[in-house]
Amino acid sequence: MRKPPYAGPNGTDDFDNLSPDEALRAFTSYRLLGDCFEQSSDEDLAAHGWLIEDWKALLKDRQEQTQRADRELGAAVRLARNEGASWHDIARTLRLPIEETRAHFDWPYGDF
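In the numbering used here, the protein residues as written are 18 to 129.
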């Protein structure tokens, strides 16, 4: 888990000139995104700052990343099977039950 960033005075404030309701909304957004990205470094979070104002873009971005990861995982499992890996080895590597692994990845019966 990352160390909480320094939030002391620095001459500027993300909450300057906001009404109490706007400040609460911004603060809540920061907190929720902080929960989502707790494994990220402060630099990574700074790079994602634009996401606070556009939750739809965040959802779309994460959905696209998830779909890409699913495709890559499916390809990796097919490669492993092609190279002789057993379902037991694959399930152990993925830390999943063998039945779930095989049901999800066993082409053409699985999701891939």
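Worth double-checking, as some hints may not be accurate.
Said to hold, decoys possible - With beta-carbon atoms standing in for the labels, derived distance ranges:
#1 Arg85 / Glu117: 16 to 24 Å
#2 Leu96 / Thr45: 16 to 24 Å
#3 Ser103 / Ala40: 34 to 42 Å
#4 Asn99 / Ser36: 54 to 62 Å
#5 Ala74 / Glu116: 16 to 24 Å
#6 Ser46 / Gln82: 37 to 45 Å
#7 Glu89 / Ser46: 24 to 32 Å
#8 Gly101 / Ser46: 20 to 28 Å
#9 Pro114 / Glu89: 19 to 27 Å
#10 Leu35 / His105: 22 to 30 Å
#11 Thr83 / Phe44: 40 to 48 Å
#12 Ile115 / Leu75: 31 to 39 Å
#13 Ala120 / Trp72: 30 to 38 Å
It is worth saying that the hints were derived from the structure and are not from the lab.
Built from N, CA and C at the ideal position, the CB exists for glycine as well.
Enumerated hints in conflict with the structure, sorted upward: 2, 3, 5, 6, 8, 10 and 11
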